[in-house]
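Chemist: Each chain, written out:
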Amino acid sequence: MAQVQRLAILGDEAVALAVKQSNVDVIAAYPITPQTIIVEKLSEYVANGELDAAFIQAESEHSALSVCVGAGLAGARVYTSTCSQGLALMHEIVYAASSMRVPMVMTIVNRSLNAPLNIHCEHGDVMAERDSGWVHLFATSVQEAYDLTFIAFKLSEHPDVLLPVSVNMDAFILSHSIEPLTPISDEDAAKFLPPKKYEYEIDFDNPMTYGTMALPDTYMEFKMQLKEAVENAEKVFADVVEEYAKISGRKYWYFNSYMADDADALVIVLGSTYGTLKTAAKKLREEGLKVGVLGLTMFRPFPEKQLVEVLRNVKAVIVMDRAYSYGGLGGPLYSDVVATLYRNGIRIPAKNVVYGLGGRDFKLDEAEAVLRMAAQGAREGGFDTHVQWWGVKA
Amino acid sequence: MSGQAPFVKTPKDLPREEWFAPGHRLCAGCGVGIIVKLALKAIRGPTIVVNPTGCLEVATTCYPYSAWKLPYVHVAFENAAAVASGIVEAINILNKKRGKKLHDVIVFAGDGGTFDIGLQSLSGALERGHNLLYICYDNEAYMNTGIQRSGATPLGAATTTSPAGKVIPGKQQRKKDLIGIAAAHRIPYAATASISHPIDLVNKVRKALEIPGPKVLHVLAPCVRGWGYPPSDSVKIARLAVETRFFPVYEVENGRVKINIKVDKPKPLEEFLKLQRRFAHLLKPENAHVLEQLKKNVEENWERLVKLEESGVII
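So the sequences go chain by chain: A and B.
Read left to right, the first sequence gives residues 1 to 394 (my numbering).
Read left to right, the second sequence gives residues 1 to 315 (my numbering).
Honestly, I wouldn't trust all of these hints.
Claimed, not checked - Anything over 10 Å on all C-beta distances counts as not near chain A; from chain B, calculated:
1) N92
2) R98
3) E127
4) E243
5) I259
6) K296
7) V306
What the hints assert, rightly or not - Below, a list of computed lysine to aspartate or glutamate pairs in the EDC-like style, where the Cα atoms sit at most 16 Å apart:
8) B:K97 to A:E50
9) A:K278 to A:D365
10) B:K284 to B:E271
11) B:K262 to B:E310
12) A:K278 to A:E368
13) B:K101 to A:D365
14) B:K101 to A:E201
15) B:K96 to A:D52
16) B:K101 to B:D116
17) A:K278 to A:D205
18) B:K69 to A:D203
19) B:K176 to B:E17
20) B:K100 to A:E201
21) B:K97 to A:D52
22) B:K100 to A:D205
23) B:K100 to A:E50
24) B:K69 to A:E40
25) B:K101 to A:D205
26) B:K100 to A:E199
27) B:K175 to B:E300
To be verified - Simulated coverage check for chain B against chain A, where a stretch passes if three residues somewhere in it have a Cβ under 8 Å from a Cβ of chain A:
28) 56-70
29) 195-204
In case anyone wonders, no lab produced these hints; they're calculated from the structure.
Computed from a prediction, not measured in an experiment: that's the story for all the values here.
Where a beta carbon is used, it is the ideal one built from N, C-alpha and C, also for glycine.
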């Protein structure tokens with residue numbers, strides 16, 4: 001573990017730095033706010049000879065991801081980044097990338113989807129790709145967005161996985177915030193991520209047919225292999241974070257947790273709101289309220305086993321979603337947690353708080369109120385309602 | 001890889017090696033199979049084929065079978081040029097970084113995947129200047145999904161979504177000018193070819209592969225089912241398309257037009273049309289005006305090309 005200079009850095013720039021240190025071969029992207037700084041910075045690295053890679057600005061996100069699929073199959077380490085409308089435009093190829101088992105990393109700077117037009121933070125964009133067979137990781141800070149980029153490459157290219165991995169970071173809240181960053185050294189990065197080895201790389205001397213047609217007699221077997229690969233990612237993740245801890249001193253896990261072990265009431269969330277809740281929980285702990293917070297790092301595959309260990313010991317849970325399944329039972333994370341509770345025989349009250357859509361601020365006092373509500377649910381053994389849209393004006 | 005593929009003069013000069021295996025599921029008489037077989041006889045070394053969704057893809061890659069004896073990649077319908085861009089640039093950088101063998105990349109795409117849904121990704125790839133050869137096999141409609149009209153369907157042709165109705169007699173719009181679109185990107189080489197002139201076709205592929213940058217080859221691919229004629233007539237119909245000036249065979253090299261197959265005395269367009277079910281209604285008296293318009297379009301296009309060739313104007 002080499003000594004490195006601590007930096008104050010913009011979220012997008014921290015991600016670009018990690019991509020550069022990951023020694024990528026091909027970057028293909030289409031600019032979209034608030035991801036633009038990542039690709040601007042990467043094109044700058046390439047233009048200045050600091051990164052030996054092909055930078056391709058495609059004419060659309062659909063083509064950007066298609067370029068990545070082609071380049072990845074040809075053996076290159078590939079990277080792209082997008083969000084919102086761009087991710088929606090990629091949708092078709094998102095499924096092709098995972099089903100064709102192309103390793104790659106995509107940073108999704110989570111932003112709301114039209115309409116109305118809005119460029120601010122929401123997780124609805126990635127939730128539309130939830131079931132695509134990608135591994136989805138979430139960062140709660142700039143440091144995590146940086147670290148998870150390396151972890152994502154390692155996981156993506158692992159022979160038992162061979163899947164695209166997304167690293168999600170909150171639009172503006174993380175992408176455009178300057179936060180402290182302790183980077184890893186270039187040497188450590190190179191050690192952690194040696195040049196990509198891809199057994200199925202396109203080669204004239206070993207000709208293969210990629211992207212075949214499969215009829216009903218074989219299609220399900222292809223999909224079964226995809227299912228197994230995604231599930232493998234859960235196991236491999238533990239090894240990858242262990243190895244990353246050795247070079248960085250930072251140990252990642254399926255989730256971040258704050259005072260969850262002895263909590264009566266737990267709040268589960270994705271993304272940067274974890275930090276807000278943690279600060280609020282600290283204050284409430286001082287008042288003697290036994291609240292805890294959990295921020296998932298891995299969302300797909302869903303870390304059910306690890307989550308159950310925590311959920312078994314709490315009396316009530318609030319799940320916060322920055323996305324919604326319209327006409328469904330609540331937000332997507334809530335549905336997963338409720339299913340986890342049910343199928344593991346844990347009978348505790350669970351409530352869904354839907355918040356922050358289109359970038360609406362979720363402030364410290366609001367985090368405190370949600371935690372108090374969770375504590376009340378634990379105390380009273382129930383909640384008033386299943387789903388609450390937080391802070392909507394009358 | 002330069003210099004390994006001399007131009008051919010007769011079919012005997014063609015290599016015997018087949019890169020496109022028999023046993024594929026294209027229809028008997030399909031023009032596409034002839035194009036692919038011929039074009040791959042022109043490769044000069046390690047080559048990768050990229051193919052969007054369409055007849056060629058579904059007929060050659062039904063798991064666990066493949067007709068491709070060289071690397072073949074299919075991803076989706078509208079993105080072949082983008083997938084090819086990624087392969088080209090990945091191989092270039094990996095060649096530089098770790099000596100990965102250089103490969104030529106050839107796209108075979110239908111008219112739907114080229115003129116319509118794939119036009120944006122094609123334009124992007126041409127503008128970015130990747131070193132690839134894009135071959136459009138044009139059977140003038142969406143044949144794989146059941147003969148629906150495309151931007152390449154000629155005026156008056158009947159398809160399942162531009163039927164020869166009592167009020168509307170076939171497609172009401174003219175065909176897009178693909179070579180014009182390609183040439184407008186100022187690419188070094190764009191050309192048309194026909195399966196009726198296989199030596200010209202093979203030599204154009206060879207020539208294109210030697211030219212760095214993006215190249216577009218537009219080949220007419222008669223379709224037995226979609227055009228409505230016996231399987232034995234594909235090459236004959238392709239030849240008539242050339243001999244009636246319906247499908248001029250020409251090239252645009254660095255912007256300059258050269259007509260490769262001169263047709264000084266064109267056969268009447270009816271000779272081409274009358275062999276095909278899709279045009280049957282145009283030969284009825286009530287649709288004479290559509291036939292006249294189609295003839296006018298064909299002549300105007302030919303005159304345009306002749307003028308461009310004679311003037312040497314860069315298009």
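Chemist: Hint by hint, say whether it matches the structure.
Modeler: Now for the hints, and whether the structure bears them out:
1. N92: Contrary to the label, N92 of chain B does not stay out of reach of chain A, its closest Cβ about 7 Å off (not over 10 Å).
2. R98: 7 Å, violated
3. E127: Contrary to the label, E127 of chain B does not stay out of reach of chain A, its closest Cβ about 7 Å off (not over 10 Å).
4. E243: 37 Å, holds
5. I259: 32 Å, holds
6. K296: 35 Å, holds
7. V306: 34 Å, holds
8. B:K97 to A:E50: Roughly 14 Å separates the two Cα atoms, so the pair holds.
9. A:K278 to A:D365: Between K278 of chain A and D365 of chain A the Cα gap is close to 12 Å, so the pair holds against 16 Å.
10. B:K284 to B:E271: Since the Cα atoms of K284 of chain B and E271 of chain B sit roughly 14 Å apart, the hinted pair holds (cutoff 16 Å).
11. B:K262 to B:E310: It holds: about 13 Å lies between the C-alpha atoms, which stays within 16 Å.
12. A:K278 to A:E368: 9 Å, holds
13. B:K101 to A:D365: Not OK: K101 of chain B and D365 of chain A at ~60 Å, beyond 16 Å, violated.
14. B:K101 to A:E201: Distance of about 12 Å is within 16 Å: holds.
15. B:K96 to A:D52: 9 Å, holds
16. B:K101 to B:D116: 34 Å, violated
17. A:K278 to A:D205: Violated, because 55 Å separates the two Cα atoms, which is more than 16 Å.
18. B:K69 to A:D203: 12 Å, holds
19. B:K176 to B:E17: 36 Å, violated
20. B:K100 to A:E201: 11 Å, holds
21. B:K97 to A:D52: 8 Å, holds
22. B:K100 to A:D205: Distance ~12 Å between K100 of chain B and D205 of chain A Cα, so the pair holds.
23. B:K100 to A:E50: 22 Å, violated
24. B:K69 to A:E40: Not satisfied, since the Cα-Cα distance of roughly 41 Å exceeds 16 Å.
25. B:K101 to A:D205: Since the Cα atoms of K101 of chain B and D205 of chain A sit roughly 10 Å apart, the hinted pair holds (cutoff 16 Å).
26. B:K100 to A:E199: 14 Å, holds
27. B:K175 to B:E300: 13 Å, holds
28. 56-70: holds (count 10)
29. 195-204: violated (count 0)
Comparing the model with each numbered hint stated earlier shows that hints 1, 2, 3, 13, 16, 17, 19, 23, 24 and 29 do not hold.
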